[in-house]
Amino acid sequence: MDNIILLTNKIYGESIFENLIKSNLPYKFIFIKNKNKFTLRKIQKLKPKYIFIPFWSSIISRSIYSNYTCINFHISDLPFGRGGSPLQNLIIKNFSKTKISAFKCNDILDGGDIYLKKNLNLKGSAEKILKNSSKIIFEMICEILKKNILPKPQKGKVFKFKRREPNQSDLKNIKDLKIMYNMIRMLDAEEYPKSYLETKHFKFELTNAKLYKKELIASVKIKKK
545 MDNIILLTNK
555 IYGESIFENL
565 IKSNLPYKFI
575 FIKNKNKFTL
585 RKIQKLKPKY
595 IFIPFWSSII
605 SRSIYSNYTC
615 INFHISDLPF
625 GRGGSPLQNL
635 IIKNFSKTKI
645 SAFKCNDILD
655 GGDIYLKKNL
665 NLKGSAEKIL
675 KNSSKIIFEM
685 ICEILKKNIL
695 PKPQKGKVFK
705 FKRREPNQSD
715 LKNIKDLKIM
725 YNMIRMLDAE
735 EYPKSYLETK
745 HFKFELTNAK
755 LYKKELIASV
765 KIKKK
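For the sequence shown, the working numbering begins at 545 and goes up steadily by one.
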């Protein structure tokens, strides 16, 4: 029985592994979430057929992806949206839908050959979107394993995203309610730094945003600076 590694260090990836265990696919699934345990020596012992990599923010070693089939998942319709913070960059640019791209890891950031793409709705909070994406990624992994899909080179014009920094989540200069709504919801997920407002003594973190015609309602957590 071939080994399949699922490499992820986010909570949204854990549900993928749980579903793979229940899938009855003829593979042994191995879960790795600590980058210190994702070493060439360990991979050489496991000899995986595939290494699936959803929700992972660390660089994959060339010594690993050049010797084993590493398949990454990226929330954008590659080659559009290569780079960091794809979900946030798409939402702030007013995209209402996108693709999840499964691609082979190589020495070009998000530039590997494509196995397949699936539609992803961008409505709601980041939490809702990421939970939905984890279900879709599970289905994509199953499809790749069942159909033995061969990857094809990316087609189209390359457009790169820059990773967003925490200070870009400051809402103090936002003048439009729709933009403020998008900025709040695009970071409203576990492990994400929240959009915020500040005074001299306090920081106000906003979540659970709901947009109406002339007002925005949200929850606020107040922290003393």
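Keep in mind that the hints are not guaranteed to be accurate.
Below 25 Å or equal to it, Euclidean Cα-Cα: the simulated DSS-like pairs (lysine-lysine) are [what the hints assert, rightly or not]:
{"hint": "1", "residue 1": "K744", "residue 2": "K554"}
{"hint": "2", "residue 1": "K554", "residue 2": "K758"}
{"hint": "3", "residue 1": "K690", "residue 2": "K675"}
{"hint": "4", "residue 1": "K696", "residue 2": "K648"}
{"hint": "5", "residue 1": "K699", "residue 2": "K722"}
{"hint": "6", "residue 1": "K706", "residue 2": "K662"}
{"hint": "7", "residue 1": "K675", "residue 2": "K716"}
{"hint": "8", "residue 1": "K667", "residue 2": "K566"}
{"hint": "9", "residue 1": "K643", "residue 2": "K722"}
{"hint": "10", "residue 1": "K696", "residue 2": "K719"}
{"hint": "11", "residue 1": "K637", "residue 2": "K593"}
{"hint": "12", "residue 1": "K701", "residue 2": "K679"}
{"hint": "13", "residue 1": "K706", "residue 2": "K716"}
{"hint": "14", "residue 1": "K591", "residue 2": "K648"}
{"hint": "15", "residue 1": "K572", "residue 2": "K690"}
{"hint": "16", "residue 1": "K765", "residue 2": "K554"}
{"hint": "17", "residue 1": "K577", "residue 2": "K637"}
{"hint": "18", "residue 1": "K675", "residue 2": "K661"}
{"hint": "19", "residue 1": "K744", "residue 2": "K593"}
{"hint": "20", "residue 1": "K679", "residue 2": "K662"}
{"hint": "21", "residue 1": "K675", "residue 2": "K662"}
{"hint": "22", "residue 1": "K662", "residue 2": "K701"}
{"hint": "23", "residue 1": "K722", "residue 2": "K641"}
{"hint": "24", "residue 1": "K593", "residue 2": "K581"}
{"hint": "25", "residue 1": "K675", "residue 2": "K701"}
{"hint": "26", "residue 1": "K679", "residue 2": "K641"}
{"hint": "27", "residue 1": "K643", "residue 2": "K719"}
{"hint": "28", "residue 1": "K667", "residue 2": "K696"}
{"hint": "29", "residue 1": "K566", "residue 2": "K722"}
{"hint": "30", "residue 1": "K754", "residue 2": "K637"}
{"hint": "31", "residue 1": "K696", "residue 2": "K579"}
{"hint": "32", "residue 1": "K696", "residue 2": "K672"}
{"hint": "33", "residue 1": "K719", "residue 2": "K767"}
{"hint": "34", "residue 1": "K572", "residue 2": "K643"}
{"hint": "35", "residue 1": "K754", "residue 2": "K738"}
{"hint": "36", "residue 1": "K579", "residue 2": "K593"}
{"hint": "37", "residue 1": "K699", "residue 2": "K719"}
{"hint": "38", "residue 1": "K593", "residue 2": "K566"}
The set of hints was computed from the structure by calculation and includes no laboratory data.
Status of each hint after checking the structure:
no., hint, verdict
1, K744 - K554, "violated, 33 Å"
2, K554 - K758, "violated, 36 Å"
3, K690 - K675, "holds, 23 Å"
4, K696 - K648, "holds, 9 Å"
5, K699 - K722, "violated, 33 Å"
6, K706 - K662, "holds, 23 Å"
7, K675 - K716, "violated, 29 Å"
8, K667 - K566, "violated, 29 Å"
9, K643 - K722, "holds, 23 Å"
10, K696 - K719, "violated, 44 Å"
11, K637 - K593, "violated, 38 Å"
12, K701 - K679, "violated, 28 Å"
13, K706 - K716, "holds, 22 Å"
14, K591 - K648, "holds, 17 Å"
15, K572 - K690, "holds, 14 Å"
16, K765 - K554, "holds, 23 Å"
17, K577 - K637, "violated, 31 Å"
18, K675 - K661, "holds, 17 Å"
19, K744 - K593, "violated, 55 Å"
20, K679 - K662, "holds, 11 Å"
21, K675 - K662, "holds, 15 Å"
22, K662 - K701, "holds, 19 Å"
23, K722 - K641, "holds, 17 Å"
24, K593 - K581, "holds, 18 Å"
25, K675 - K701, "violated, 29 Å"
26, K679 - K641, "holds, 16 Å"
27, K643 - K719, "violated, 30 Å"
28, K667 - K696, "violated, 29 Å"
29, K566 - K722, "violated, 41 Å"
30, K754 - K637, "holds, 19 Å"
31, K696 - K579, "violated, 28 Å"
32, K696 - K672, "violated, 30 Å"
33, K719 - K767, "holds, 24 Å"
34, K572 - K643, "violated, 28 Å"
35, K754 - K738, "holds, 15 Å"
36, K579 - K593, "holds, 19 Å"
37, K699 - K719, "violated, 38 Å"
38, K593 - K566, "holds, 19 Å"
Hints 1, 2, 5, 7, 8, 10, 11, 12, 17, 19, 25, 27, 28, 29, 31, 32, 34 and 37 from the earlier list are contradicted by this structure; the remaining hints agree with it.
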